[in-house]
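Take 0 as the starting number for the sequence shown in numbering that gives the first Met the number 0 and just add one per residue.
Treat the hints with caution; some may be incorrect.
[Unchecked claim] Straight-line alpha carbon distances no greater than 20 Å define the calculated PhoX-like cross-link-like pairs of lysine-lysine that follow:
(1) 382 x 372
(2) 389 x 437
(3) 129 x 437
(4) 110 x 437
(5) 372 x 389
(6) 366 x 110
[Said to hold, decoys possible] Here are the simulated distance ranges between beta carbons:
(7) 258 x 128: 15 to 25 Å
(8) 235 x 23: 34 to 44 Å
(9) 23 x 366: 24 to 34 Å
(10) 139 x 161: 25 to 35 Å
(11) 208 x 170: 48 to 58 Å
(12) 105 x 139: 40 to 50 Å
(13) 11 x 68: 18 to 28 Å
(14) 285 x 356: 50 to 60 Å
To be clear, the hints were calculated from the coordinates, so they are not data collected in a lab.
Glycine is no exception: its CB is placed at the ideal position from the N, C-alpha and C atoms.
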Amino acid sequence: MIHIPLEKASPVPFIRQIYDGIRSQILSGSLRAGSRLPSSRELAEQLGVSRNVVMESYEMLYSEGFTSTRHGSGTFVAQGASRQAANAAHGIKAEKVSMGYESPQGIINFKPGTPDLHEFPLRAWLQAVKVAYLHPVEDAMGYGQPEGRRELRQAIRDYVVGQRGVACHPDQIIITAGTTQAIGIACHLLLGDRRDVVLEDPITRDIQLIVQGQGGVIHPVTADHNGLVVDELPQGIQPAFIYVTPSHQFPLGGTLPIQRRIALLEYAERTDTYLIEDDYDSEFRFDGPPLSSLHGLAPERVVYIGTFSKTLSPALRTGYLILPPDLISQGRGRKWHCDLHNETPTQLALAHFIAQGGYLRHLARMKRLYARKRTVLEQALGKIFSDRVKILGSATGLHLAARFAGIEFTAELLADLERAGVRAYPAEAHAIRPDRLKDILIIGYGNLSEGQIERGIGLLCSVLERWASDGAKTE
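Model the full structure from these sequences, guided by the hints.
Have a look at this one:
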């Protein structure tokens with residue numbers, strides 16, 4: 000992953016900032032000749048900008064000879080573009096830089112948050128796309144409004160009111176390029192004179208970077224098996240906002256009970272603080288009925304974030320913000336500043352897909368599929384590891400967390416797992432305060448078959464047993 004800190008308040012356009020960031024890393028040798036750059040879609044998602052912005056930055060780099068392209072393979076750093084390379088030719092030693100790489104073919108990747116891409120409802124989606132292109136050319140192919148198409152905002156409003164207990168009007172909804180952009184916009188709106196931000200600990204690293212990148216001061220609050228520990232909320236400050244994932248805390252998987260929700264809202268009232276509710280994984284609750292949103296309890300105080308990346312496909316790059324009325328105008332302005340608006344045909348197709356009932360049918364089918372996969376995973380863990388593993392947060396979503404007794408998932412162990420054919424994700428990578436979660440893995444199963452899940456857990460066991468054996472021999 001390329002690190003490019005974007006300055007949201009800078010007069011320098013994002014296109015130029017991205018170009019400058021990559022160019023400087025190429026010149027310094029941090030990005031070496033032959034290194035593959037992230038796809039435009041991947042980098043756009045990482046940075047919370049539109050894909051077109053990244054594509055224009057890449058075009059500038061290509062036109063100046065910093066990069067080369069290979070058909071079907073991507074964009075690479077060109078030979079001879081680095082000052083470090085020129086220095087090496089003159090006998091000047093350059094520091095070696097370790098580079099990342101793509102997943103090798105055939106690896107079992109327990110990546111959380113990815114739906115089963117093979118189950119995308121392609122036939123129904125193609126029909127919805129066809130309907131979208133029946134709109135008049137000027138309507139479907141011209142510039143749109145930053146908040147998104149009215150048809151999609153109405154469809155989302157009907158869905159969240161009926162399924163999530165959200166009370167809102169379509170005018171409060173802004174269509175975004177996924178959750179990352181939604182979070183970036185929300186942070187921009189709420190980080191004013193107040194800079195203190197309360198985050199669950201652990202929480203996805205992306206959110207930490209977004210908050211820090213916009214000048215927020217993070218106050219971590221422990222998340223346990225029931226989500227945010229409200230009793231630990233900081234006293235004596237007025238946070239700009241509190242970011243919570245009440246439906247399925249990431250990565251530990253807790254669901255925030257009503258008692259904590261009420262206490263959290265009371266704290267927000269006392270401190271005059273907004274809440275950002277990321278309704279992560281709420282669609283797939285396996286044990287009992289879905290819980291209503293936090294937004295439904297205090298719509299004037301909650302900024303609600305939803306996405307279609309986990310339910311349909313991340314390739315759609317479509318999410319949404321639901322803002323309190325006093326933030327609507329600023330929110331639309333910020334979305335316009337980011338990328339004008341989302342792609343219109345996709346919005347029209349998604350609106351039709353939801354309105355015709357295709358989305359709810361797809362969710363029902365996928366919920367049954369993911370429930371089976373979860374059972375296979377839990378059974379495999381129980382059969383192989385028995386009481387040496389404790390499963391956390393499996394009631395909802397596309398991943399669970401597993402605590403392995405006596406195991407510390409170091410970089411060396413994770414690399415050994417990858418060599419054995421398993422890519423694993425440590426919870427410690429998302430900890431704000433380090434060294435508390437080293438024995439926990441996040442195990443995503445959404446995009447794996449039942450057979451892959453069983454084989455992956457078997458490989459995981461083999462490596463852990465070998466490590467335990469080697470450790471015993473050296474004692």
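Evaluated hints:
At roughly 15 Å between alpha-carbon atoms, residue 382 and residue 372 fall within 20 Å of each other, so this suggested pair holds. Simply put, residue 389 and residue 437 have alpha-carbon atoms about 14 Å apart, close enough for the 20 Å limit, and the pair holds. A hinted pair counts as satisfied when its Cα atoms are at most 20 Å apart, and residue 129 with residue 437 does not qualify at roughly 49 Å. This hinted pair checks out: residue 110 and residue 437 have alpha carbons roughly 17 Å apart, not beyond 20 Å.
Distance check on the hinted pair: residue 372 and residue 389 sit about 18 Å apart at the alpha-carbon level, within 20 Å; holds. Distance check on the hinted pair: residue 366 and residue 110 sit about 18 Å apart at the alpha-carbon level, within 20 Å; holds. A hinted range of 15 to 25 Å for the beta carbons of residue 258 and residue 128 is inconsistent with their spacing of about 45 Å. Distance hint check for residue 235 and residue 23: the Cβ-Cβ separation is about 41 Å, which falls inside the suggested range of 34 to 44 Å.
For residue 23 paired with residue 366, a C-beta distance near 47 Å fails the hint of 24 to 34 Å. Between residue 139 and residue 161 the CB atoms are about 27 Å apart, so this pair conforms to the stated range of 25 to 35 Å. One distance hint, 48 to 58 Å for the beta-carbon pair residue 208 and residue 170, is violated here, with the actual separation near 31 Å. For the hinted restraint 40 to 50 Å between residue 105 and residue 139, the CB-CB distance of approximately 41 Å keeps it satisfied.
Distance hint for residue 11 and residue 68: a CB-CB separation of about 26 Å, consistent with the stated range 18 to 28 Å. The hint said 50 to 60 Å for the Cβ distance between residue 285 and residue 356, and at roughly 22 Å that hint is violated.
Going through the hint list in order, the structure does not satisfy hints 3, 7, 9, 11 and 14.
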